[in-house]
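There are 2 protein chains.
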Amino acid sequence: MSSRATFAEISPSEFFYRNRDLAGFTNPARALYMAVRELAENSMDAAELAGTPPDVYVRIIPEGDNPDLPDPKPYRLTVIDNGPGVAPQHVPSAFGKVFYGSKYVLRQSRGMFGLGGTMAILYGQITTNKPVTVTTSPDGKRKYSFQMIIDIGENRPSVLKRFASDADGTTGTRVDLTLEGDYLRSSQKIADYFKQTALVASYANLTFVDPTGQVTFYERATTSMPAAPKETLPHPYGIDVEAFKRIVKSSEEHDMKSFMVTHFHRVGEKIATKFLEFAGVSPRLPPKRLNNVQIVSIVDALQRFPDFLQPDAAVLSPVGEEILLAGVNKELQPEFATVVTRPPSSYSGFPFLVEVAVAYGGKVLQPGMRLFRFANRIPLLYDESSDVSFEVLTEGVDWRRYHVPPEAPVGVITHICSTRIPYKTVGKEYIADRPEIEREIKNASREALRRLGIFLSRKGNMEAVQRKINIYGKYLPLIARFSKELAGEKKLPPYRKLIGEGDTVTEASPGGEQEGGGVLTGEDGPDQGREQEAAEIEQKKIDEFGGS
Amino acid sequence: MSSRATFAEISPSEFFYRNRDLAGFTNPARALYMAVRELAENSMDAAELAGTPPDVYVRIIPEGDNPDLPDPKPYRLTVIDNGPGVAPQHVPSAFGKVFYGSKYVLRQSRGMFGLGGTMAILYGQITTNKPVTVTTSPDGKRKYSFQMIIDIGENRPSVLKRFASDADGTTGTRVDLTLEGDYLRSSQKIADYFKQTALVASYANLTFVDPTGQVTFYERATTSMPAAPKETLPHPYGIDVEAFKRIVKSSEEHDMKSFMVTHFHRVGEKIATKFLEFAGVSPRLPPKRLNNVQIVSIVDALQRFPDFLQPDAAVLSPVGEEILLAGVNKELQPEFATVVTRPPSSYSGFPFLVEVAVAYGGKVLQPGMRLFRFANRIPLLYDESSDVSFEVLTEGVDWRRYHVPPEAPVGVITHICSTRIPYKTVGKEYIADRPEIEREIKNASREALRRLGIFLSRKGNMEAVQRKINIYGKYLPLIARFSKELAGEKKLPPYRKLIGEGDTVTEASPGGEQEGGGVLTGEDGPDQGREQEAAEIEQKKIDEFGGS
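Line by line, the protein sequences are chains A and B.
Going by numbering that gives the first Met the number 0, 41 is the number at position 42 of the first sequence; the sequence numbering is gapless.
Going by numbering that gives the first Met the number 0, 74 is the number at position 75 of the second sequence; the sequence numbering is gapless.
Keep in mind that the hints were calculated from the coordinates and are not lab data.
Some hints could be false.
Said to hold, decoys possible - Below, a list of computed lysine-lysine pairs in the DSS-like style, where the Cα atoms sit at most 30 Å apart:
1) Lys102(B) to Lys489(B)
2) Lys72(B) to Lys273(A)
3) Lys160(B) to Lys129(A)
4) Lys244(B) to Lys160(A)
5) Lys160(A) to Lys102(A)
6) Lys188(B) to Lys287(A)
7) Lys441(A) to Lys72(B)
8) Lys256(B) to Lys129(A)
9) Lys483(A) to Lys467(A)
10) Lys256(A) to Lys129(B)
11) Lys129(A) to Lys287(B)
12) Lys273(B) to Lys129(A)
13) Lys287(B) to Lys273(B)
14) Lys160(A) to Lys287(B)
15) Lys248(A) to Lys248(B)
16) Lys273(A) to Lys129(B)
17) Lys160(B) to Lys287(A)
18) Lys188(B) to Lys441(A)
19) Lys473(B) to Lys489(B)
20) Lys188(B) to Lys129(B)
Said to hold, decoys possible - Calculated Cβ distances over 12 Å to all of chain A for the following chain B residues:
21) Asn204
22) Gln213
23) Val280
24) Pro305
25) Gln365
Note that the Cβ used here is the ideal one computed from N, Cα and C, for glycine as well.
So here's chain A without its partners, still in its complex pose:
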């Protein structure tokens, strides 16, 4: 009965091979979706980093002799981009080794774990036993192809064939892999994925060819790219002892002052001097001489020092109010929309920034809240209810305070951009509830909802005014006529202006239902300008009537 544990070590590939659910490769439907998005995101990142407006082509075709087999079945997935390519010596490891990649720097990018492309290849290999082919041209002159499989136990690529040939003058990378997929059950998510990606990356060309051969093309709306995200130094707030020790280890500075200036985000000479005084450390001390106790005390001071600057928004690349509003108006066609962009903030030394758009009414939105989540410009389509945005919007914000009823047709778009998004899963399905991020989403949402509340309350007021005018419209002609008769006048008093009609005076039939005043109707929905105008007119009317 008694048994003793046996210990063993496994490789990172092995870990994710055994636990592919962790990376989102749960079933053939989800795996196909994940493979598409991971490779497409790598392609978009590569092009953007090189300052090239992305042009990404994705095709899924049934593999094998019988394309009419029912799902799940083997599919061939091809992803081609116009990025800068990959230097050939890096190709095998970049695509065939877990924990080897280009994402392990502090820079806003879609990819975060340097894992997705390799996971897609690994999944294809274990479900179809076919090798992957990666072709890349870093200079547009020559292109290099690698046919390879992953040696999972050893976590290393095993190249079966490699060959070079002339390129057509353009740089870029192409991946061809075969994997077991279920397109029937993933087609909707894949379609949503491209649609929502196009919404926030309107400077990209996206082409998707589905297994039936149908082509969906999202043409870029602009060639003006947002500034490419920059690699950044860690922000001093939230640096832990481990991180500090590593920086010391890799540093070459001879004194603490230049050490601080060189290795931390937005620390200049002035702030460095002030901080070192605060921490009780000599600015001339060589960093390598710091002992353990001093390091702990400095790290503690880093958290407490009040005068560090907030992270620079320049390292982040938000969607921007204009593009976001344009996307929202195009996709949701709301009656009202507003965007709130929060100032940059940080958590654990990583700068981040939250943008929230709230849309109301129109023909697309249905009663109840609909949430669209984005992180570093990628749409998050699974596991909504575990996401920090969902949590904030369902529990952290009191909608009634803003007079937005729960059944109102509201769309909320949240976008978090950061040099490091705290995803809860390797599959990038949802974002952890880091308190700093929670706070920013809350603040942005509240402000956006406050604006919506004002809109709704004005809309409500306008409707009340409308009703009032309808009543005036009904009784004023009578009063006017009676007054005229009592006074023995021949002309009616000029009342029509008051109910928004022209000043041509003709006698109205007393019982007739009057249409409301011109400026206040209009089926195409008020915008804020017209709304304000209407509100002023309303006030004028009320003044004229001496209140009600």
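We have chain A; now place chain B onto it with these hints.
Positioned in the frame of chain A, the structure of chain B alone reads:
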């Protein structure tokens, strides 16, 4: 503007250090909860594997001079178990190296990734910079202590101090670590965790000492342990090419027949012979001579062969109907409860088994469904709405079909046990929607809801009968009296039996409201026996009255 990606490799420790949200160490509240559960689960696994009823002690005390500092603040976490201890040569790697552990075998255990204990230690180290101390005695004679930190960049333990001393005769392991925690915000989850763990592990002693010194003790209700889970061979269904190749590589058999019998779960000589014929492979072929094409064809045949036996339930250790029902009745005190245990099944070669309990009514359950999720006897307390059980119970099952209204006070307990739970996160928050598991939960839930539906419909019938009897009770005495008077009899006819009263014949006051018949009332709630009895009586009554 143009920039090129730079490639780098990172260690597994580094990966989880950078991405600790993946393992559930998101914020000081969640991290404290995670550290408690990961260490407690390792302790329970160790004791159970050795066939010892677990005795686990967990204590959290504020660290430092000022215990009244507000949260978050440093806490010292101590976990002590009565397991078999760890051989001293394994201690540093087992606690200080990611992807090194004892969980990388096919055996049902709480731990799954061999990562949780090391993550707790890593989190403690990076938030407080204090080393962990692990003390263990594998023989009860000597105990060995290791004070160590993790070298994250290299993914290896760095032992600062080690010392040995005499033990007190008992085996076991003790972990002492310091970590930044928020007890205020995690106390409820930690309490729930112990409470729900006690519910399914009633053979364990659990002691929890909270930071104020308050002790909660869950005493074991039984010393009879469920059979210790056994390590098992992979089931042939769902073996992929990668897995098959590895087995071939590690095999020593000289022919395919003994290869099949030796390496696969529930494959005897008869089935092996039949399968090899089915796959068109000679039973005498040496496995090492298989070429790639043959391997792919055999793996394909493994999925299609209809005669493999289902996985043996003996390798799984479910809670069991009796213990589960006892737990449900104790915790939820329902009016009705039922347990459905599905036969063992498998996904991707891993056996699993689903148990579902449904409870209805009583004083604890509130209107609406409340879901309690367990996997390998651990409660899952976070991210409910992303879990396969939640998905099935909210979307996969049509409650109306079972005549269970959505607002009914229902508790559903799902327990999945498997040699490998397909968690979606390293933090073991929720389970992926593998189709096979989804199907089993669906089937179990439907059967349990069907039973609840029958109960409710009987209860409904009983209530209808009750109402009928109330009417009979009101009018029968009158009819009886009028009949008596019309017939000129002196005695009333014996009608009282019909309305469930004793047969002592006394005249009833005509207008008096009658209490319902004896067998059908009873405030303590009907059980199934009484319910059936009541149903029979009901039928008898209806027959006697000639229907209604």
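Exercise for the section: Mind checking the alpha carbons of Lys441(A) and Lys72(B) for me, to see if they're no more than 30 Å apart? Expected result: 25 Å, holds
Handout entry: Restraint status (C-alpha distance of Lys129(A) to Lys287(B) at most 30 Å)
Key = 21 Å, holds
Exercise for the section: Measure nothing beyond the straight line between the CA atoms of Lys160(B) and Lys287(A); if it is 30 Å or shorter, mark the hint as holding. Expected result: With Cα atoms ~24 Å apart, Lys160(B) and Lys287(A) stay inside 30 Å; holds.
Handout entry: Lys287(B) paired with Lys273(B) [C-alpha distance capped at 30 Å]
Key = 21 Å, holds
Practice task
Compare the distance between the alpha carbons of Lys188(B) and Lys287(A) with 30 Å, and conclude whether the hinted pair is satisfied.
Solution key: 43 Å, violated
Exercise for the section: Please confirm whether Gln213(B) is truly not at the interface, meaning its C-beta sits more than 12 Å away from all C-beta atoms of chain A. Expected result: 27 Å, holds
Problem - Restraint check for Lys160(B) with Lys129(A), where alpha carbons must lie at most 30 Å apart - result: 50 Å, violated
Practice task
Mind checking the alpha carbons of Lys188(B) and Lys129(B) for me, to see if they're no more than 30 Å apart?
Solution key: 26 Å, holds
Practice task
Beyond 12 Å from every chain A Cβ: check whether that's true for Val280(B).
Solution key: 17 Å, holds
Handout entry: Given hint Lys129(B) paired with Lys273(A) - CA-CA distance at most 30 Å
Key = Answer holds: Lys273(A) to Lys129(B) is near 28 Å, not above 30 Å.
Handout entry: 30 Å Cα cutoff - pair Lys160(A), Lys102(A)
Key = Judged against 30 Å, a Cα distance of about 27 Å means the pair holds.
Handout entry: Distance restraint between Lys72(B) and Lys273(A), which requires alpha-carbon spacing of 30 Å or less
Key = 27 Å, holds
Violated hints, in rising order: 1, 3, 6, 15; the structure is consistent with all others.
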